[in-house]
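Model the full structure from these sequences, guided by the hints.
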Amino acid sequence: MGAGIVQVSIDKGYHVIMKDAVQSGLTRGINQIHKGLTTSVKKRKITTFQRDQIFSNLDTELDYRGFDHCDMVIEAVFEDINVKHKVIKEVEQHIPPHCIFASNTSALPIGQIAAASKRPEKVVGMHYFSPVDKMQLLEIITTDKTSKDTAASAVEVGLKQGKVVIVVKDGPGFYTTRCLAPTMGEILRLLQEGVGPKRLDAISKAYGFPIGLATLMDEVGIDVAQHVAEDLGKAFPQRMVGSDVNVLRELVAAGFLGRKTGKGNYMYEEKSKERNVNSGAEDIYNKYRIEPKGSNEDEDLQLRLVSRFVNEAVLCLQEGILNSPGDGDIGAVFGLGFPPFRGGPFRFVDTYGADKLVARMHAFRDLYGPQFEPCQMLLDHAKDPSKRFHPSPKKQ
Numbered sequence: 016m017g018a019g020i021v022q023v024s025i026d027k028g029y030h031v032i033m034k035d036a037v038q039s040g041l042t043r044g045i046n047q048i049h050k051g052l053t054t055s056v057k058k059r060k061i062t063t064f065q066r067d068q069i070f071s072n073l074d075t076e077l078d079y080r081g082f083d084h085c086d087m088v089i090e091a092v093f094e095d096i097n098v099k100h101k102v103i104k105e106v107e108q109h110i111p112p113h114c115i116f117a118s119n120t121s122a123l124p125i126g127q128i129a130a131a132s133k134r135p136e137k138v139v140g141m142h143y144f145s146p147v148d149k150m151q152l153l154e155i156i157t158t159d160k161t162s163k164d165t166a167a168s169a170v171e172v173g174l175k176q177g178k179v180v181i182v183v184k185d186g187p188g189f190y191t192t193r194c195l196a197p198t199m200g201e202i203l204r205l206l207q208e209g210v211g212p213k214r215l216d217a218i219s220k221a222y223g224f225p226i227g228l229a230t231l232m233d234e235v236g237i238d239v240a241q242h243v244a245e246d247l248g249k250a251f252p253q254r255m256v257g258s259d260v261n262v263l264r265e266l267v268a269a270g271f272l273g274r275k276t277g278k279g280n281y282m283y284e285e286k287s288k289e290r291n292v293n294s295g296a297e298d299i300y301n302k303y304r305i306e307p308k309g310s311n312e313d314e315d316l317q318l319r320l321v322s323r324f325v326n327e328a329v330l331c332l333q334e335g336i337l338n339s340p341g342d343g344d345i346g347a348v349f350g351l352g353f354p355p356f357r358g359g360p361f362r363f364v365d366t367y368g369a370d371k372l373v374a375r376m377h378a379f380r381d382l383y384g385p386q387f388e389p390c391q392m393l394l395d396h397a398k399d400p401s402k403r404f405h406p407s408p409k410k411q
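Okay, so the sequence shown: first residue is 16 according to the numbering used here, each after it adds one.
Hints are all accurate, no fakes.
Ranges of calculated distance between the beta carbons of each label pair, as one might list FRET restraints:
{"#": "1", "residue 1": "P408", "residue 2": "P252", "range": "38 to 44 Å"}
{"#": "2", "residue 1": "G211", "residue 2": "H100", "range": "38 to 44 Å"}
{"#": "3", "residue 1": "K60", "residue 2": "K101", "range": "34 to 40 Å"}
{"#": "4", "residue 1": "P355", "residue 2": "Q68", "range": "31 to 37 Å"}
{"#": "5", "residue 1": "D164", "residue 2": "S401", "range": "36 to 42 Å"}
{"#": "6", "residue 1": "M16", "residue 2": "D298", "range": "27 to 33 Å"}
Straight-line distance between alpha carbons at most 25 Å, and here's what the computed DMTMM-like set of lysine to aspartate or glutamate pairs gives:
{"#": "7", "residue 1": "K278", "residue 2": "E208"}
{"#": "8", "residue 1": "K213", "residue 2": "D298"}
{"#": "9", "residue 1": "K160", "residue 2": "E105"}
In case anyone wonders, no lab produced these hints; they're calculated from the structure.
The model shown is predicted, which means the values in this text are computed figures rather than measured ones.
Glycine residues also receive a C-beta, built at the ideal position from the N, C-alpha and C atoms.
Next comes the structure, spelled out in structure tokens:
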């Protein structure tokens, strides 16, 4: 992740110091960045001279040499609050007073990270999506103590990096990870019910997701899915239910982390476009088998997945995590692959009908549990047909 952030920064003219604790980590980062730029040369996006010119914007260090001249530090260390605290304390010993500290985290509340800072007004979240050079969204997270100039500077950096930027309030999972968590929970539930990875991919792609959701699970990383499920399960115990997190724990223990380890829901072999289902993962799903309670039709399975995503998105607006429905739609489409032609979760509600969606969710709730309970804002829209998240299109 860190190397990707560096790449999208140096190729926009920023001078960057990439720091790691060990030389092997720096070497991996350097190789990844050089490979990414060389790929651009092969695609004739840039010349070899431009590649070398961009690469010259990069310095590497094993210590904090040069940090006294930095305007912003973006950390991308492991998702552990103790590690984050250690890093922020170290960094603040070497940076100038005006320097901003940005944390690239997908779920840890920025307020908790900033608790270790001497200057919480200079701390902000900058949540990039992997792979950084391809994923367009940047989710910027502000706390009650983040100053306006710090937030504005983070937005400016993101825009210069070529990102589509949304600014959200702090909280467990922010916006995007909060929407991803219940969706991942329902993906896991369907796999436990015997909906295999290939069928799950087929029905989700047919609904408009750019990639199948079983494949998405592998791309995100099953270890990451476990981490998010455990953390947000503690924060939102009423909604993050319906599937068994022990399934994820067993998959991780077996080494089935997804594409990065070559085994997840699928088997990934080099130079092979064919992907076979991982029988070892299927055995684990069968061990935790849940008998289906309702319809097994594609449309019902699709709506189970989408309704939990949409409900969490609307709840984020209700709680003030999101500033507007438009930000929610942009974040969902550009960061999480919500079906683009459906316009995002808020446009989906306007189009599908809040009353119709609430009725379906109540039926799902009665079958599967409280994870399908519609939030108050969704209920309000269902009761009043005049309520919309976006203005009605003008008639020609």
